[in-house]
Structure formats: structure tokens, C-alpha cells
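Turn these sequences into a full structure, and let the hints guide you.
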Amino acid sequence: MAAVSVIPPGGTWFDTLRKSFVDVPIDAANDDGIATTEFLEAAESLTTLFDLLGSVAFGPVKNDLLGNIKKIRERQLAAPEESATLQSLVLNELKTKKHTATEGLVWLVRGLDFTAQSLRHNIDNPSEELANSFRHAYGNTLKPHHSFVIKPIFSAAMSATPYRKDFYPKLGDDQSKVQAASQEYVAALEKRVAILKAFQDRKEAKW
Numbered sequence: 001m002a003a004v005s006v007i008p009p010g011g012t013w014f015d016t017l018r019k020s021f022v023d024v025p026i027d028a029a030n031d032d033g034i035a036t037t038e039f040l041e042a043a044e045s046l047t048t049l050f051d052l053l054g055s056v057a058f059g060p061v062k063n064d065l066l067g068n069i070k071k072i073r074e075r076q077l078a079a080p081e082e083s084a085t086l087q088s089l090v091l092n093e094l095k096t097k098k099h100t101a102t103e104g105l106v107w108l109v110r111g112l113d114f115t116a117q118s119l120r121h122n123i124d125n126p127s128e129e130l131a132n133s134f135r136h137a138y139g140n141t142l143k144p145h146h147s148f149v150i151k152p153i154f155s156a157a158m159s160a161t162p163y164r165k166d167f168y169p170k171l172g173d174d175q176s177k178v179q180a181a182s183q184e185y186v187a188a189l190e191k192r193v194a195i196l197k198a199f200q201d202r203k204e205a206k207w
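Numbering-wise, the sequence shown is residues 1 to 207 according to the UniProt record's numbering.
Quick caveat, the hints were computed from the structure, so don't treat them as lab data.
Keep in mind that a hint or two might mislead.
Heads up, simulated DMTMM-like pairs for lysine to aspartate or glutamate below, C-alpha to C-alpha not over 20 angstroms straight-line [to be verified]:
1. K97 / E82
2. K71 / E103
3. K98 / E74
4. K170 / E128
5. K197 / D32
None of the values given here were measured: they were computed from a predicted structure.
This is the structure in C-alpha cells:
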């Protein structure tokens, strides 16, 4: 696991992110197009959360996200003019009869949806332990798509989740700031995931 970024004095983990989902542009005038570069940077930044959870069991979860980010970025680099937004990247890749990045985005969105639902469930249920929130979210998002080989790997990660009394202080010393930043971040992540899920449900986004 990589070293966790140092939180600035009086700050939170969210201040250490190279890019936050809060800052990922949505082009409302252009089919809610989500900026590819900023989204991938924000997704990459989010993976440091799994370092913060502090168990090697989360390695496969983090690597899964990073692997899918890599597939999308490779398509973006191969056809930058056609990849300004994630939606245009997908539609233009599908025209070539390939779907490597498109499939990568499907899995990335599932992984981000899992993370968003885990955090949302835990924020909204202040007496619930993280392990329960993660298990609940896993059942709603990734589990239906995982094989019997993968499920135990993710189950091990859920079981390795720290107690909330140990986890939230890792996000920052001032818990009121942590809660405010968590709410803003998760809401931004949820909004972008919802836009992408709706797009992926459309006929032209399938292969």
C-alpha cells in the first residue's frame, strides 16, 4: 500500500486530493458531459481512501479501480479529440467496434458507486460500523457482477474495515470539518455516478 498523504494542520483528507469530484466539470448544455481528464484524476485520488482504510485486503479493490482508470486513459490518449468527455469517449470508441475503455468505465462506475454508497450509508447512519456499510453497498453494486472467485476477495476487504472510531479521525482532527467535507464530496461523487449510470443504460452506450 502506498503512503497516505499528510493532512495539513486543521485540514482533512479531502484537502490532500489532487482532484476532488466536487471540481469535475459537468457540461449541462452538452448532455451533462463529464470531463474525462478531471474525472480520471478524481477517481485516482479517491483510491488513496483504500490506503487510509489500512488493510492489504483493500489492495484488490484499489487495483481494480486503477486498472479501469488505465483502460479509459489509454483510449483518451489514443483519440484525444474524441474523448473530451467520458460520454464522447465511449460513443467514439464504440464506432471503432471496440469496447475496452467503455467496459472499463462500466466497472469503474460500479466501483465508484460502491464507494459512494458505502460512505453515504455510513454518514447517514452514525451508529453503524463501516464494515456493515461496505457490505450493504457491495450487495447493491458490485456483488451481482462478481464471480465466485472474486466475491471472497471483496468479502475479506469488508471484514478488514476499521472501526468508525478509528477511521474518522484519520480523515482529520476536526470532526465537524470532516463531516462537512464528507457530505460535499460524497454528494458530488453521487451526482457524477448517477449521470454516468443513466448514460450507460442508453442503447447507444452498449456494445
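Need the list of violated hint numbers for this structure, in ascending order. Per hint list: zero violations.
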